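J.: Following the hints, put chain B in place on chain A, whose structure we already have.
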Amino acid sequence: MNEITESLKPVLALACPASAALLILMSNRWPNLRESWTLIGSVVQFLIILSMAPVIINGERIECYLFREILPQVHFGFRVDAFGLLFAITASSLWILVSIYSIGYMRALQEHAQTRYYFCFALAILGAVGVALSGNLVTMFIFYEILTLSTYPLVAHEQSPEALFAGRKYLAYLLTSGVFFLAAIAWTYSLAGTTDFIPGGILKPVSLFQSTLFVLFILFLIGFMKAAYIPFHSWLPTAMIAPTPVSALLHAVAVVKAGVFGIVRIVVYVYGTDLMWELGLGIMLSSFAAVTMIGASLFAIAQDNLKRRLAYSTISQLSYIIFGVALLTPMGITGAMIHIPFHGFMKITLFLCAGSILVSTGKRNISEMAGIGRTMPITMLAFAVGSLGMCGIPPVSGFISKWFLGLGTLQAGKLSLLGVLLISSFLDVVYFFPILYLAFFAKPAETESMVIERKCIKEAPLSMVVPLTMTAFFSIVFMFPNPVTDLFLNLARTAVGQLGGG
Amino acid sequence: MSHFIEHFPVLIVVISLLSSITILVAGWINNKTSYFIFITTILIQFVAAIFILVHVLTGSPIHYWLGGWKPPWGIEYVVDALSAYVLVILLFLALACGIYSKKNIEHELPKKVVSFYSIFQLLIAGLCGVAVTGDVFNMYVFIEIMSIAAYALIASRGKIALKASFTYLVLGSVGACFFLIGIGLLYSVTGSLNMHDLSLLLPPLYGNRVVQAAFVFFFVGLSIKMALFPLHTWLPDAHAFAPAEISAMLSGIIIEVSTYAFIRVSFSVFTVNFLKLLPILDILCWVAGAAIIVGSLLAITQLNLKRMLAYSSVANMGYIMLAVGLSTSVVSEPWNGLTPALMHILNHALMKGCLFLVAGVFIYKADLWLIKDFQGLGKRMPYTCAAFVVAAISMIGIPPSVGFVSKLYIILAAIEAKKIIFVALLLLSSLLNLVYFWRVIETMYMKKVEGEEYSLLTHVSKDEAPFGMLAPVLILASLCIVMGFFWLAKIPMPLLNQVNSMFGLNKMP
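Just so you know, the sequences run in chain order A and B. The opening position of the first sequence corresponds to residue 710 in our numbering, with each subsequent residue numbered one higher. The opening position of the second sequence corresponds to residue 31 in our numbering, with each subsequent residue numbered one higher.
Excised from the complex, chain A in its bound form (with noise of 0.2 Å):
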């Protein structure tokens, strides 16, 4: 079960967005082929990461070390599972989307010190993808303050007073929490002698104070704030300042699934279902994440601003997935990993999907946008798709994952849990609905009645259309039987396979 293959394809994956990155430093004059060098490493890298899948599947591991032994037992270098190879592949294709998409956005928008936004990007990219592949807590820490910083500039993009609050804020959480994750990582390897993930958990409950473990857990979850739950979320709505891009693809998946993928880590890898029964640690990290699904909707209710709005939203569902792993039941973790492919695709739709109504109309609030549907109908559709993936209604493949995580929470044999996922559910209409609503039935207000009444339709760039049509309608190929979710569904099961019947 557990072969294990060498193979340089981690390293070259990561050389991908770094190589691009030093390009488009020294293609700063010639914008095109700046942009170029982004679409190149981003197709190559998400190549290189597929073709991983086929060993991955069949439950070998991919292990490949640049620095042995720079502590004893920890090698700094990466083992590629299939719940990491899940993450990457998540990232990595959406970059390339994302990647059409800013160079629509930025160009129609004129932004400013787009170079430094390219180069960051390509950085980011580089920490998420790092973290995913890490074979251990050491190696993932330093893919994961590479991805906090490369992301600051991002944040502070527009470089006003209020963006550069955001930009210190975003910061202060969250190399807060990267304090906190290292002071972990060395307790755990003092503790347990090694940092690598391996399924059921390095820590053993023999000889270790209960307590001592309860503490160590806290410390992890705060040093994942990047996962955003509620009470230390508040850096996500702020950070909602940045280029709509970044806001897609760093907000709603590199960045936070980071937190999210490193709590699934500890949870299953690094503490193993059993011990974080026998705490009674999945209870109190299932009620962090109920508080979190329920208050974050409610939340979002409240929002005007169409991104701050979706932010909340991602807060909501980020916890959707700390909750299926907090049932430590197979099908509440198969239901957890894959909610982070489709929860990612959906969202960015939606993201996309705001920035294309910046760029063509300059709305950002959604009271403004009354009759947008009719002018803009090809995103408001993709808004549709992702609205009804959110909510988990059928055509869409945010049911899928909501059954399995509905399906976890019988297994565990809690239904009050069953009732949480329940009223979020509901929560997620109840915000997602209106924006539906204004957008295609209300009537416009006076002044745009004359655009609507020649029937003018006014999209957004080719460039940018492009992309939010196909996430969407992987959004909904996702629902339905086919090789593209196959290998999703199979690198979860072969994810849970490996716990050993959980």
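Where hints are given, some of them may not hold.
Result set (SDA-like, lysine to any residue): computed pairs, CA atoms no more than 25 Å apart in a straight line [as the list claims (entries may be wrong)]:
id, chain 1, residue 1, chain 2, residue 2
1, B, K477, A, T824
2, B, K402, A, G1080
3, A, K878, B, Q332
Simulated from the structure, these hints should not be mistaken for laboratory data. Computed from a predicted model, the values in this text were never measured in an experiment.
T.: What follows is chain B alone, placed relative to chain A:
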């Protein structure tokens, strides 16, 4: 060849002293020559230091008897792994600062070029002397040489620098005096000044109050020299008003050489057994912990970049001393014994050297001292600012920089020593570092220049530092990352382990 290398320790000091005089004489005739004599000397010294390091690594320590007098009667120079390590670091940084100084000194002290290089060379002679000597009194002499040279160099800009230099002079002299009293007390009970001889004569006398008092005098005296909190008060002004390369030397090497002297006295003269007898190292840990926090907090309040960096040095001395304090209770490799402390000595020299040189570039190009005036520098001087960011990130301790490796090792050592409180202090301090360094980075890159609108068309003219100043800055900055990988790959570990086994820090307590 190997027989020839035995003479290198004394040659390093002697050519430095001779070169100092030569610079003065040759510069009197033609002041263009002084720089070339200076750089050539350091280059020769640096190469010699590398030969010594290789020799020490493969063979045994070098013992050199001055004038052929046998110790303990004559002065002995002893170069072991620790001395060689410090020697290479100090000459490397001196080389970087020397290259940097050509343009900077022509600009800052146009009329004092000759005397500047002459005294700078004297400073290096003193530093090298402290590193190679095996005799306590001789060490005192070299500490005084290096300090007096430093007083003069700090005062070289005149005006307010005179006051800074005077403060340092008074406090530094008190420190040196304490050191001398310590030597006197030891001499009164043992009648010897040779370090090795002392370490053999002292063990029966460890209970003696005079010996214990001597250690306290050494400790306090050197604490002043290394600016350990709360005896750091001379340091911020001295660092702030000295010319940039002297600030870099002060922060990167001069106070580090004082920590070297402390390690030498504590472990070579007094040995581990004495340190375990009294709660000295526990006290040291707490003092260092206070230094880390207070230094970082004071750094946050500073408006002047160089003063901010100076307070950061106070905090970093705390890191080194904390690691020294933990050294006797930590045995598992690779963070055993003095390894984290020695590691941070090198790392701090690289990081702080780079940061002070960058601060010097800002002063050289635009006379900018205050952090709030740095708006738009990220575009004006892209390479210099990039170097600053790398070094600052390293100070904060973000992987894979050198600062991260030091932090990780000290944390692991503190966990093993079961002193969790210091783990918390270290992590808190890295957050405080973040606060004060990020403020600078934000101002350089993100704050908009007043009255300027950004658009795609705005072209900010580049105004980079001259190559001679940029090169050392960039080399130091890239070493901040490259050395990080070296540490992680454990390339320098055999050397440090040699130091640990020499001091008996590998065995279980």
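J.: Give a verdict on every hint.
T.: Results for each hint:
1. K477(B) - T824(A): holds, 18 Å
2. K402(B) - G1080(A): violated, 48 Å
3. K878(A) - Q332(B): holds, 21 Å
Going down the numbered hints, you'll see the structure goes against just number 2.
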